[in-house]
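Respectively, the protein sequence lines represent chains A and B. Under this note's numbering, the first residue of the first sequence is numbered 103, with each subsequent residue one higher. Under this note's numbering, the first residue of the second sequence is numbered 103, with each subsequent residue one higher.
Errors might be hidden in some of the hints.
The list makes no distinction among identical chains, and a pair is therefore deemed to hold if it is satisfied within one copy or across any two copies.
What the hints assert, rightly or not - 30 Å max Cα-Cα, derived DSSO-like pairs, lysine-lysine:
1. 139 to 422
2. 411 to 343
3. 219 to 275
4. 221 to 275
5. 414 to 244
6. 357 to 343
7. 221 to 125
8. 411 to 139
9. 221 to 134
10. 139 to 443
11. 414 to 275
12. 449 to 170
13. 343 to 275
Hints are computed from structural coordinates only; laboratory data are not their basis.
Protein chains: 2
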Amino acid sequence: MSIFGVSESSSLEKRTDYERLIKEFGLKPLDKSLLVKLQPLHYLFELGMIFAHRGFDDYLRRYEIGQKVSIVSGRGPSNFMHLGHLVVFEVVKWLQSRLNASVYIPLSDDEKYVFGKVKRLEDAHFFALDNALDILSLGFIKGKTFLYISSKMPEVYEISVKLSRYLTYNTVKATFGLDDSTNPGTIFYACVQAAHILMPTLLHGEVVVVPIAIDQDPYMRLTRDVAERVGIAKPAAIYSKYIKGLTGEPMSASKPETCIFTSDDPETVRKKVWMAFTGGRPTLKEQKELGGEPEKCVVFEWLKVFVFKHIKDIGLHEEKCRSGALVCGECKKMLSDALVKRLEEIKRNKMRILDNIDDYFLHPIEEELIENVRRRLHIQESQA
Amino acid sequence: MSIFGVSESSSLEKRTDYERLIKEFGLKPLDKSLLVKLQPLHYLFELGMIFAHRGFDDYLRRYEIGQKVSIVSGRGPSNFMHLGHLVVFEVVKWLQSRLNASVYIPLSDDEKYVFGKVKRLEDAHFFALDNALDILSLGFIKGKTFLYISSKMPEVYEISVKLSRYLTYNTVKATFGLDDSTNPGTIFYACVQAAHILMPTLLHGEVVVVPIAIDQDPYMRLTRDVAERVGIAKPAAIYSKYIKGLTGEPMSASKPETCIFTSDDPETVRKKVWMAFTGGRPTLKEQKELGGEPEKCVVFEWLKVFVFKHIKDIGLHEEKCRSGALVCGECKKMLSDALVKRLEEIKRNKMRILDNIDDYFLHPIEEELIENVRRRLHIQESQA
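Between the sequences and the hints, there should be enough to build the whole structure, so can you do that?
Put into C-alpha cells, the structure is as follows:
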C-alpha cells in the first residue's frame, strides 16, 4: 500500500522483466545521458538497482538552474526494519550529499493504523522512532534532514484537507483497490500520502523526487496528477528493483527467514544466512569442477547489494565462484560476518542518535516514547 | 451538513410537527422531570425552543453524581454569523453557568472547505475568528471555554484517525448522503466531526452534551454509535426548534433578507425588519377592530426569541396585539431598536475580546489573521 520503501507483497515481485515494466507503466529508463550528470555514481546505480524514472530529467534540469530540490522517502512503521528497507535510504543519503538536497522522511503511523497493520496508533509510534533511528544510522546531514510522525505533524492534516478537493473517492478506490466497506481513514490516506510528497513544494517551493519500488507507481501517478491540478511542480520518481529474500522468495517482514532485521542478534543472522538459497552445486566435487552459479545465488545477490561497494570487486568475486575456487560456506561466512558487523554499527549509531533525536524531528518526541525505544535497544545490546 | 448550529437548507424546515419528529427519530421529549432539575430555567427552555433530547437524562445523572461534564457546540465558518446562529450559543452559555461545564467550540474550517462552501481554506479561517468573536461576545467563562479551528488543532487529526476504524465508507455515505464522485475529505469529515464531539471524553473523561438542530440527528446517532464501539460514554444531545426567517421562509445566510447578520449596519437592520412578514391585518381599521394574529407573525416570533427575556412579558405583549392596541409598525420599531442595540453591544464586545483572544483558543492565532479581522471590525464600526 505504501508508496514508500520496499514492497511487502507485490504481484510484481516475481516479474523481474524490468524492461517490460518500463514499457507497461510508461516509465523512462535511467539511461546514460542522465546518469552521466550524477557521476561519480553510487554503486547501487551502477548495479542497475535504480533502473527507471518519471520526471527525474526535469528534476535534474531544475537542480542545474539553481532551484531548491528535496527528496521525500517515507516509511510505514508497523515493524522493525530489515536491511532491504534500508537500501532505498542508502540511495537517498547519497543523493542528498550529491545534490545538497533537503530530505523529508514521513513516518506514516496513520497509514499503518487505518490499514490495520498495527492494533493501536501508539504501536506505530514506537516503530516510527525505532525505524527513524535505523534510517538516521546511515548518516544524513543534520539541518537538512527532517523526519516526522504523520499524525504528530500539524501541517499534514491541513495540507491533506487542501489536496482532498483535487481527488475523488472513485479515483482513490481504483488506485488503492478499496471497497465500500473500507474505513474513511484509508480513503483519506490518499490525500495524506500526497501531502507527504507535495509538502516540500507547497511549503518551501522545493522540487521533489521520491525513490520507490516499481509497483508503487500508481500512487505516484495519482500524486503527480494532483500536483498538476494544484498547479505546482510534479514530483519526480526513481524506481528500484527488488532484492531477493534469503530463501529465494521476496523479502517480507512477515517471513522473518527471508530478511535480516536490524534488531536481529548475531546468532540469528548467522542462522538465517546459513539457510540461504545459493547457486552451489549438489556436491563439493561438482562445485570444484563446474564452478558455482552466481546468477542463481541469493548470497551473491546480497553480497553485491549489502557488502561490496565497488563493481570491480563484484566482478572478481563472481569469477572466483564460477571457477570453482569458492565453496558456498565461504560466501555465507563472508556475508554473515559483514552483516553482523553492519548491524553492530547500526545499533551503536542508533543509541548515539537517540540522545539527539530532536535534531532531526520536525516536532517534539515524547520522553516516554524515547524511553521505551531506549529500553528496547538496551535489551538488544545485551543479547548481542 | 454540519451537526452544529442552525440548519441552512433542511428538508425538515417546513415540518414543524415536532411531536411527530420526536416519534420518527426516536427522541425523548424534554419533559418536566428533566426540566425541574435545571430550575430556574432559561427562557428559551420555557419557550419550548429546546424540546427534545437523546441521553440528556443520563448526562444530568452523571453530573449529579459528580462526573465532569462538558458541552460541545461547533460552528462551520463560511460566512458572517446571523442572530439565529447565536441562539444555540445562548443556551450553551446558560448551561455552562448552570452546570459549571467546560465548553468546547470547534470551528470546522475543514468541513466548509471540503464541502466547497469556501473557495480557500484561508477564507474559512477569517470567518472562524470573526464567528468566534460573535460567540464569545455572549460572555462565556474564561478558563472553561475552549475554541479551536479544526485544521489548526493537532489532536483533531490524530483522534479522527483513531476513530476512523470504527466507521465504514458505506455508513458515512448513507448518513451524509454522499456519492462516489465526492472527495475523500468529505468522507473523512465524518471521523473529524466525531472527534470534535468525543474529544472531551477521550482526552479528559468528561461527559458531553451537544445542542443541535433536529435535522442533524443522523450525524449524532453516528457519533453515539462510534462512542459505544470505542467503549466510552455516549454523547447526549438536546434538540432545538427552527426560528422563522424575517420573510417567513427559513433563515438562511444565503438569503440575507431572511436574517440579521452580526455584521449588518443599523440601516440594513431597520430595512430588513421593516420588510418582515407580520400577523397584521390589511388595514389599520381592521387591525384596531379584529386585533393582530401573533401566531402568524415573524416579528412576534423574533421578539419572543431575541428581545423578551421573560415568558410573562411575552404574554402581555401577545394580549396587547390580539386586542388591537398595537400596530405592526410599533412592533417592528421595537424589534429593530432592540436588534440595533444588541448588534452594537456585540460589536463592542468583539473588539474587546479580540485583544485577548488567546485566553479562549487552544492554539495560537496568527497575528495576520487577527489584523484582518480587526480591520474588518473597524470598517463595520465606521459604518454604524
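Hint by hint, here is what the structure shows:
1. For a Cα distance limit of 30 Å, the shortest separation of residue 139 from residue 422 qualifies neither inside one copy, at 33 Å, nor across copies, at 91 Å.
2. Proximity of residue 411 to residue 343 under the C-alpha cut-off of 30 Å is restricted to the intra-copy arrangement: shortest distance 18 Å within a copy versus 75 Å between copies.
3. In this assembly of identical chains, residue 219 and residue 275 lie within 30 Å of each other by CA distance both inside one copy and across copies; the values are 19 Å within and 25 Å between.
4. In this homomeric assembly, residue 221 and residue 275 come within 30 Å of each other (Cα to Cα) both inside a single copy, at 23 Å, and across copies, at 25 Å.
5. For a Cα distance limit of 30 Å, the shortest separation of residue 414 from residue 244 qualifies neither inside one copy, at 32 Å, nor across copies, at 73 Å.
6. For a Cα distance limit of 30 Å, the shortest separation of residue 357 from residue 343 inside one copy, 20 Å, qualifies, whereas the shortest one across copies, 60 Å, does not.
7. With identical chains, the CA atoms of residue 221 and residue 125 are never at most 30 Å apart, being 39 Å at best within one copy and 40 Å at best between copies.
8. Taking the closest pair of Cα atoms, residue 411 and residue 139 come within 30 Å of each other only inside a single copy of the chain (20 Å); across copies the shortest separation is 79 Å, beyond that limit.
9. In the homo-oligomer, the alpha carbons of residue 221 and residue 134 never lie at most 30 Å apart, since the shortest distance is 46 Å inside one protomer and 46 Å across protomers.
10. When the C-alpha separation of residue 139 and residue 443 is checked against a cutoff of 30 Å, the pair qualifies neither within a copy, at 33 Å, nor between copies, at 73 Å.
11. In this homomeric assembly, residue 414 and residue 275 never come within 30 Å of each other (Cα to Cα): the closest approach is 47 Å inside a single copy and 60 Å across copies.
12. With identical chains, the CA atoms of residue 449 and residue 170 are never at most 30 Å apart, being 33 Å at best within one copy and 47 Å at best between copies.
13. Taking the shortest Cα distances, residue 343 and residue 275 sit within 30 Å of each other inside one copy (26 Å), while across copies they are farther apart (40 Å).
Checked against the numbered hints given earlier, the structure breaks hints 1, 5, 7, 9, 10, 11, 12 and satisfies all the rest.
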